[in-house]
Amino acid sequence: EDQVTQSPEALRLQEGESSSLNCSYTVSGLRGLFWYRQDPGKGPEFLFTLYSAGEEKEKERLKATLTKKESFLHITAPKPEDSATYLCAGTVSGGYNKLIFGAGTRLAVHP
Amino acid sequence: DGGITQSPKYLFRKEGQNVTLSCEQNLNHDAMYWYRQDPGQGLRLIYYSQIVNDFQKGDIAEGYSVSREKKESFPLTVTSAQKNPTAFYLCASSILPTGAFDQPQHFGDGTRLSIL
Numbered sequence: 001e002d003q004v005t006q007s008p009e010a011l012r013l014q015e016g017e018s019s020s021l022n023c024s025y026t027v028s029g030l031r032g033l034f035w036y037r038q039d040p041g042k043g044p045e046f047l048f049t050l051y052s053a054g055e056e057k058e059k060e061r062l063k064a065t066l067t068k069k070e071s072f073l074h075i076t077a078p079k080p081e082d083s084a085t086y087l088c089a090g091t092v093s094g095g096y097n098k099l100i101f102g103a104g105t106r107l108a109v110h111p
Numbered sequence: 112d113g114g115i116t117q118s119p120k121y122l123f124r125k126e127g128q129n130v131t132l133s134c135e136q137n138l139n140h141d142a143m144y145w146y147r148q149d150p151g152q153g154l155r156l157i158y159y160s161q162i163v164n165d166f167q168k169g170d171i172a173e174g175y176s177v178s179r180e181k182k183e184s185f186p187l188t189v190t191s192a193q194k195n196p197t198a199f200y201l202c203a204s205s206i207l208p209t210g211a212f213d214q215p216q217h218f219g220d221g222t223r224l225s226i227l
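If you read the protein sequences in the order shown, they are chains A and B.
The first sequence begins at 1 in my numbering and counts up one residue at a time.
The second sequence begins at 112 in my numbering and counts up one residue at a time.
Careful: at least some of the hints might be erroneous.
In the BS3-like style, the derived pairs of lysine-lysine whose C-alpha atoms are separated by at most 30 Å in a straight line are [claimed, not checked]:
1) A:K98 <-> B:K120
2) A:K42 <-> B:K182
3) A:K79 <-> A:K69
4) A:K98 <-> B:K168
5) B:K120 <-> A:K42
6) A:K57 <-> A:K68
7) B:K120 <-> B:K194
8) A:K98 <-> A:K68
9) B:K168 <-> A:K69
10) B:K168 <-> A:K79
11) A:K42 <-> B:K194
12) B:K125 <-> A:K59
13) A:K63 <-> A:K98
14) B:K120 <-> B:K182
15) A:K57 <-> B:K194
16) A:K57 <-> A:K42
17) B:K182 <-> A:K68
18) A:K68 <-> B:K125
19) B:K125 <-> A:K42
20) B:K181 <-> A:K59
Keep in mind that the hints were calculated from the coordinates and are not lab data.
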């Protein structure tokens, strides 16, 4: 069964304390691995797409990486405004861009 | 500014009532999707459409219906047959997959549906 699992469920960091969020996936024929940020009461905001093992993408304090079994979202020197839920999703072969989401990691960054 | 507009932001349903959630996009995307989000769970796909006048069931379509009469619009009706409709509903759109790779979906800001 295609599945995406995120860990930890929740993470509390001090401002400036770097860390990583994990997304492990067991999907057949991965056609894309996507990271989103979701603020309370809002829709997910697209961050990154990764397609191939070894690929990396960066945006400000965030860097996403992909291996054959998992993806990491590295947060360097986080700020309170980075507090949000981070969602990981994969799409599988099947031709219609079906996203399988993990349950998310709730990140809280305290000053 | 291009984007996806969902309305209303909050909606209340009485027992036995059908309600319709609106989703409009001006991104010129061919594909549109409806998801349901419950606390502690990942988003789950209700329906999707890749082209006007065509749509397919997702993983949890029972108790829901959709239409796609225009490229820009993909309304979702929550029928009285959906016994547990309280959730956050998200609409998304994307361009169609290109070759072996899928394209990111972009989301609206959701509609929160509650039961009276």
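> Given the proposed pairing of K120 (chain B) with K42 (chain A), does the C-alpha separation stay at or below 30 Å?
Replying inline: Status holds; Cα separation ~10 Å.
>> Does K59 (chain A) sit within 30 Å of K125 (chain B), going by the straight-line distance between their CA atoms?
In response: violated (45 Å)
>> Run the distance test for K168 (chain B) versus K79 (chain A): straight-line Cα separation, threshold 30 Å.
In response: violated (41 Å)
>> With the threshold set at 30 Å, check whether the alpha-carbon distance from K120 (chain B) to K182 (chain B) stays at or below it.
In response: Holds - the C-alpha atoms of K182 (chain B) and K120 (chain B) are around 22 Å apart, at most 30 Å.
> If you draw a straight line from the CA of K125 (chain B) to the CA of K42 (chain A), is it 30 Å or shorter?
Replying inline: Holds - the C-alpha atoms of K42 (chain A) and K125 (chain B) are around 25 Å apart, at most 30 Å.
>> What's the verdict on K98 (chain A) and K68 (chain A), does the C-alpha distance respect the 30 Å limit or exceed it?
In response: holds (19 Å)
> Would the pair K68 (chain A) and K125 (chain B) pass a check requiring their Cα atoms to be no farther apart than 30 Å?
Replying inline: violated (47 Å)
>> Check the hint pairing K42 (chain A) with K194 (chain B) against an upper bound of 30 Å on the C-alpha distance.
In response: holds (25 Å)
> Under the criterion that the straight-line Cα-Cα distance not exceed 30 Å, is the pair K98 (chain A), K120 (chain B) satisfied?
Replying inline: Distance ~25 Å between K98 (chain A) and K120 (chain B) Cα, so the pair holds.
>> Next pair to validate is K57 (chain A) with K42 (chain A); report whether the Cα-Cα distance is within 30 Å.
In response: The hint holds at about 24 Å.
>> Given the hinted pair K63 (chain A) and K98 (chain A), is their Cα-Cα distance within 30 Å?
In response: Distance ~24 Å between K63 (chain A) and K98 (chain A) Cα, so the pair holds.
>> Does K194 (chain B) sit within 30 Å of K120 (chain B), going by the straight-line distance between their CA atoms?
In response: holds (21 Å)
Violated hints for the displayed structure, listed by number in ascending order: 10, 12, 15, 17, 18 and 20.
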